[in-house]
Every structure is written in structure tokens, then in C-alpha cells.
Amino acid sequence: MSLEKHRNILDYAVNFLLRRKGKNLATIIVFTLVVFMLASVVMMMGSLKQEARETLSLAPDITVQKIIAGRQGLVPLEYASAIQNIRGVSRVEPRIWGYYYDVEEDATYTIIGVKSLDTLPVEVVQGYLSSGNAVLVGEALAREKRLRIGDKLILRNHRGGYDKFLVAGIFSSRSALQSADLIVMPRDKAREFFGIPEGYANDLAVYVANPSELPNIAIKIANALPDARVLTKEQIRETYDAIFGWRSGVFLATILGAILAFAILVWDRASGLTAEEKREIGILKALGWSTGDVLEMRTFEGVVLALNSYLAGIILAYLHVFYLGAPLLKPVLIGWSTLYPEFELMPAVTLEDLLLIFVISVVPFLAAVVVPSWRASTIDPDEAMRGI
Amino acid sequence: MILNFWVISQILGVAVVLLLSVYAALQGVRILRRWNPASASEEQLELEKRTYLVSTLMQYALAFQMLSLLLFVATADYLASFISGAMCAFGSLNANSYGFATLWIKILTIFVYSSWLTINYLDSQAEDYPLVKLKYALLLLFLPLLITDIYLEIRYYTSISPNVITSCCGSALRTETNPYGFVAMNFPTNVAMLAFFIAYALTLGLLYTYLRRRQRRLALASGLASVAAFAVSLLAMFTFLSPYFNVVLFGLPTQHRCPFEVLRAPTIGYPFYALLFLGGISGSAVAVVEPLKAKPSLRNSAAKLQVQLAKLALLGFGGFLLISLAFMLLFYSMVGTVFYH
Numbered sequence: 000m001s002l003e004k005h006r007n008i009l010d011y012a013v014n015f016l017l018r019r020k021g022k023n024l025a026t027i028i029v030f031t032l033v034v035f036m037l038a039s040v041v042m043m044m045g046s047l048k049q050e051a052r053e054t055l056s057l058a059p060d061i062t063v064q065k066i067i068a069g070r071q072g073l074v075p076l077e078y079a080s081a082i083q084n085i086r087g088v089s090r091v092e093p094r095i096w097g098y099y100y101d102v103e104e105d106a107t108y109t110i111i112g113v114k115s116l117d118t119l120p121v122e123v124v125q126g127y128l129s130s131g132n133a134v135l136v137g138e139a140l141a142r143e144k145r146l147r148i149g150d151k152l153i154l155r156n157h158r159g160g161y162d163k164f165l166v167a168g169i170f171s172s173r174s175a176l177q178s179a180d181l182i183v184m185p186r187d188k189a190r191e192f193f194g195i196p197e198g199y200a201n202d203l204a205v206y207v208a209n210p211s212e213l214p215n216i217a218i219k220i221a222n223a224l225p226d227a228r229v230l231t232k233e234q235i236r237e238t239y240d241a242i243f244g245w246r247s248g249v250f251l252a253t254i255l256g257a258i259l260a261f262a263i264l265v266w267d268r269a270s271g272l273t274a275e276e277k278r279e280i281g282i283l284k285a286l287g288w289s290t291g292d293v294l295e296m297r298t299f300e301g302v303v304l305a306l307n308s309y310l311a312g313i314i315l316a317y318l319h320v321f322y323l324g325a326p327l328l329k330p331v332l333i334g335w336s337t338l339y340p341e342f343e344l345m346p347a348v349t350l351e352d353l354l355l356i357f358v359i360s361v362v363p364f365l366a367a368v369v370v371p372s373w374r375a376s377t378i379d380p381d382e383a384m385r386g387i
Numbered sequence: 000m001i002l003n004f005w006v007i008s009q010i011l012g013v014a015v016v017l018l019l020s021v022y023a024a025l026q027g028v029r030i031l032r033r034w035n036p037a038s039a040s041e042e043q044l045e046l047e048k049r050t051y052l053v054s055t056l057m058q059y060a061l062a063f064q065m066l067s068l069l070l071f072v073a074t075a076d077y078l079a080s081f082i083s084g085a086m087c088a089f090g091s092l093n094a095n096s097y098g099f100a101t102l103w104i105k106i107l108t109i110f111v112y113s114s115w116l117t118i119n120y121l122d123s124q125a126e127d128y129p130l131v132k133l134k135y136a137l138l139l140l141f142l143p144l145l146i147t148d149i150y151l152e153i154r155y156y157t158s159i160s161p162n163v164i165t166s167c168c169g170s171a172l173r174t175e176t177n178p179y180g181f182v183a184m185n186f187p188t189n190v191a192m193l194a195f196f197i198a199y200a201l202t203l204g205l206l207y208t209y210l211r212r213r214q215r216r217l218a219l220a221s222g223l224a225s226v227a228a229f230a231v232s233l234l235a236m237f238t239f240l241s242p243y244f245n246v247v248l249f250g251l252p253t254q255h256r257c258p259f260e261v262l263r264a265p266t267i268g269y270p271f272y273a274l275l276f277l278g279g280i281s282g283s284a285v286a287v288v289e290p291l292k293a294k295p296s297l298r299n300s301a302a303k304l305q306v307q308l309a310k311l312a313l314l315g316f317g318g319f320l321l322i323s324l325a326f327m328l329l330f331y332s333m334v335g336t337v338f339y340h
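From first to last, the protein sequence lines are chains A and B.
Following numbering that gives the first Met the number 0, the numbering of the first sequence begins with 0 at its first residue and continues without gaps.
Following numbering that gives the first Met the number 0, the numbering of the second sequence begins with 0 at its first residue and continues without gaps.
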């Protein structure tokens, strides 16, 4: 029976709101916008984190670089055999890779040399592959340069001459961030193209059989090769996460002021009751509603308004981030957007994300309306009906 | 120092709770000083109106503090990805001495808030406001708790340093893995198991007998037993109980005694812990209400409330126990024993 009473009060609150669409519209719009902005950032962060994680799942367990005079230099291949001798290391692979700046497109591509092209997870045309100068290219790069399988790709090598390559396949990886700007070619070709001397590599990819030995092996490598920088996959992931986290924190810190302003706006609007609203509350009280009942009604009003705006904001943010590709946020949160011409964000929203957005938007709102709601519910019925 | 979206939101949430409680306490002081139920003055009327404000503020504060607890655990889980050796919330909370201290104080405040709201509810049932003095004096007790909460939390976040690859150091400087991230507690699991079942037998038995006999000492005893059962359940989740969930749900090794892992299956984890809190809070409230029966105007409503609370406590603890047993059974069907160590 008492539940029925609360339900009726809720009903009345919804009606009360609907009868004042105009007055509440401004609050709803601003509230939805606030949730939309916050949710866009949170969703994009989650998605980028996911993306970075997927990229890293392909990364080697340990990357070994050589540091010369505080800067990264080429690694002599003797290092590879030294590492191979450490117990627990299953494989060491010297890597040849680098960046290539394309003047025409004003974009930077990543060129990676691999032992053989046909082991990669991409569909290739065998006839082209055997031509000797075959490459595989990323999807975004192919789109930008209007490349199709079988087309020629001309790149300027380190001597200033032009090398001709044949596109044998295009990556259509599910996660675009990891292969969008990629050109993959045989290792010897890449060495020749960049002019990296024989007996050297850019870095060494070390694979470890048992992941729990990883930290120990990393220490052993660092001890054996004092001029090497040893990076584990885990460290790289932590750095990625910390950077995304830091960027979003800076973003939130800048709009914290906006949230505060919003709370003040809400406070103000909830405090200013119109004469008509006052009269209505007066009549309710004259009809026998207690202060507690009116207070409950006003609270329901706030909750209904908040939940609707929250949901609307979440839905809009979802559409913005995952369907439109977050056009409003990309420049802020992805520093390298010129490098990656275009990529889609994978939907990745968790329950915790929704809780986070709830705490930062709905909680300040509800806190701001407590006192005004109480004030409205303690109006003296006699005074209110007389319209003082 | 770590500053990101999660941390800022968390601190904002706690600040809102503190703000509401401080405001409520200020109102409380005013009511305490001027309260005079015999008078029909304008001022007394105004103060009576203000009691509504205080109870609303406190209800909000409780609700927000509960959200804050959830968000705190979620934040810790999120931070695990920056902290070396931390696999989930457990590792992050263990990163410095403030993490778990904050968690415990948050749980404590939730108990204190709910007790206060129980008293407040009873008071509002009576015509003559019999508990006003007690209620508003108690309000002042919240502030030290909340200030400790926010202080510990800020210390916690400022003491964490995220691991970022800087230009000079590789893995050599920090490869130590946090052993607590994997094996939660050195507490002997057999003792914890025994304590768990004894506490549950005792608590459920006392609550049931209380409902049959309605005796004063039974009410007090079941309140105490409920608090004990709550604490022992947490201990159990840190020792022998969580592996059943972690093995059945995620196929993790039995050494992984992390109580937060189960939250990664939200449809099981959250209701599971909600039942535990329901049991603990309503069980302890049975004892909180008992001395209030001394007031003649409260006797009936307090007795009625006690019965309802005892039933809720039975539901909460019973549900928690049943889910635990169900997972032990599932574990048994997978592994062939429930004694895995």
C-alpha cells in the first residue's frame, strides 16, 4: 500500500514536469550536453585503450634498443646472439623498420621489414608476391593514395632515388589503428631502402617462452648489455594507459568549471519557483499533502529529469564516438591524428564507465537541487494560495 | 601523483558527500541549540521544517557514499593498469598503505549512515520527535569520519606514481613484481573457512530465534553476530572463498585470492556483495533499534521495524551463503574437491 503511494507521487512528479516543458527544456539541454561531453571522452578513452591493447598483443615480449650517447642507435647483430644464449629466450628477431614521410600526401608512414610476406594475416595475390619487390600496405594508406592490389607504389629511398614497389595485398585489419599507415616489405628490401648497413638492425624483438620469466629475462639482458634499453610489453602498455589517462584527466580538469557552472545554473533554476508552481504546491498541501510528500515529489522530479538527460547524453555520445568517429574530440585526445588519416573506433563501454559518468554528472546535479526542493516543499499553503 | 578522469571524478564525488554532510551538520547544530517541542513559536515551526532538510541531505549522502564505494573499487581496478605488479583492484589498493584504509573507512561510513537513517526513520514515525537530541548529536560524529575518508583517499592517489617509460630507464629499475597481487593473504585458509561457517550458523540461528522469541538479548546478540558475519565474509573473500569464484568464472589459478575479481562478472558480483551489505546493515540495525524501544512513543514502531530488519538480514546473509555454497559446489564438480590447498 505504501508503495502505491510512492508510485502516485512519482506519477504526479512526471506530470508536473511535463506541464512545464518550456521551463525544464533549458536544464535538460544543458544537462544532456554535459553528459554527452563527459561520456564522449570516457567512451573514446576506453576505445583507445582497447585499441592500444590490441596493437600491443602483436608486439614482441621484449624490445631491445641500443643507446648511443643517450640516443637510440642501430643494434649490432652480435647482440642478438648474446641474448639468444640467455636461458628462457625462445627467439630473437632483428627488426628493420622506420618512418617514411610522404611529401605528396603530407603524411608519415611506417615501413616494416619482415622475413617473409606470406606468413602475415592478410590476403595476398600470389603472382604479385613472387615478383621480388612486393609490398603489403595498410588500408587507410591505400585509400589515401588510391592504391589497389597490383598497383605500383613509388617511394623515395635514402639516396634520393626512386624505388618501385608492387602492391601485393592490402591490410583490412579489424583494428585499424595498428595497420592504417603500414607498408610491409621483405627485410632485405627495407634494409636497402633505408640504407641500414649489413650486420645491424633497428632493434631486436625478443620472444620468451614463459611469460612469468619475463621480468627476470629483461634484467639479465639489461645486465649483459649495459648500453641497451630493454622494454617489456607490459611497460609499453602501462605507458600507453597512463598517457590516455593523463590526457583525459587534463580534459576533465578543464571542463570541471563547466560542471560547476552547470550545478549553479541548476540551483538557480530550481530555486526560482513561479507563482503558478507555488500556488500548485500550496493547493497540494491544503489538500493534505505533507511536507514529506511534496519533498518526495520534488525529489522524483529531479531524479526523472536527471535520468532522462543522462540516458540521452549517453546515447548521443555513443553515436558521436562510435558512428561518427568522435569528430569533436579526436584532435584533443589523439595527438597523432595527422599520422593516421582515418580510423574507426571500436565500441568498448563497460558498466564502470557508465557509473563514472553518473557520479560526475548526476551526483552534482542532485546535490544542487536538494535545498531548493526542500524550500519549495515547506511553503506555507495559505501564503502560496493567496499568491504572495 | 596520479591525475586522471577516474581520480578526479572520485574526489568530486567524495567532496559532494562531505558538502552535504557538513550542511546537514550545521542545520543539526542549529536544531540542537534551539529545539523546544513544547513551544509553538515561529522558530520551532521553522526548525521542524528543517528536520526534513537534514534527513533528505543524509539520504542523499548515503546514496552517494555507496556510489563512491563502487566507484572507488572500479577506479582501483582501472588504476591496476598503471601500477607494476597490480593485476586488479587488489594490487592497486595494496600499492600503498592508504588504499585499503580508504576502503575500510568507506564501508564503515556506509554502516554509520544507515544506522543514522534507521534512527531518523523511527523518529519520524513518532509524533513527539523523541530522538531529536540524539540524532543531531550523532550527526556531528560523521564529520571526522568523512574528513578521514577524503584525506586518506587524496593521500592514496597522491602516493601512487604511474609507471611511465622515461627516456633512460628500462625494466632494470623496476622489475619487482608485487607478490600481494597474486596471493592475497597469509591468513590460514582452514581457520577462515571454519570461522565463516561458524559465524553464519550463529548469525542465521540467532536471527531466526530472535524472530520466534523477540527477546532483548537475542536482538543485541544477532546485531553483534551480524557485524561479525559481515567482517568474516570479507575475510573469507580474501582467503578461501574468492578462489571458488575465480576458478569457476574465469579459470584463474587457485592461488589468486582476489575478492574483486568476481566484480568482473557484474551480474553475479554486484548482487553478491549487495546481499552481504544488506545482511550486515540490517542485521546490525536490529541491535541499534533495541535501546530506542525505551521511549514509549517508539515502542510499537521500533518493534515492527526490528522484525522487518531481521527478515532482511536473514535474506541478505542467506542469499550470500547460498551463492557461496553454489560456487563451492560448481568448483567441486570441476576440481573434485573443495579443499584445494
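Errors might be hidden in some of the hints.
[What the hints assert, rightly or not] Here's a subset of chain B near chain A, in silico, CB distances under 7 Å, partners left out: (1) TYR59; (2) LEU66; (3) PRO129.
None of these hints come from the bench; they were simulated from the model.
Using N, Cα and C, we set each Cβ at its ideal position, and we do this for glycine too.
The hints, checked one at a time:
no.	hint	verdict
1	TYR59	holds (6 Å)
2	LEU66	holds (6 Å)
3	PRO129	violated (18 Å)
This entry does not satisfy hint 3, going by the numbered hints stated previously; all others are met.
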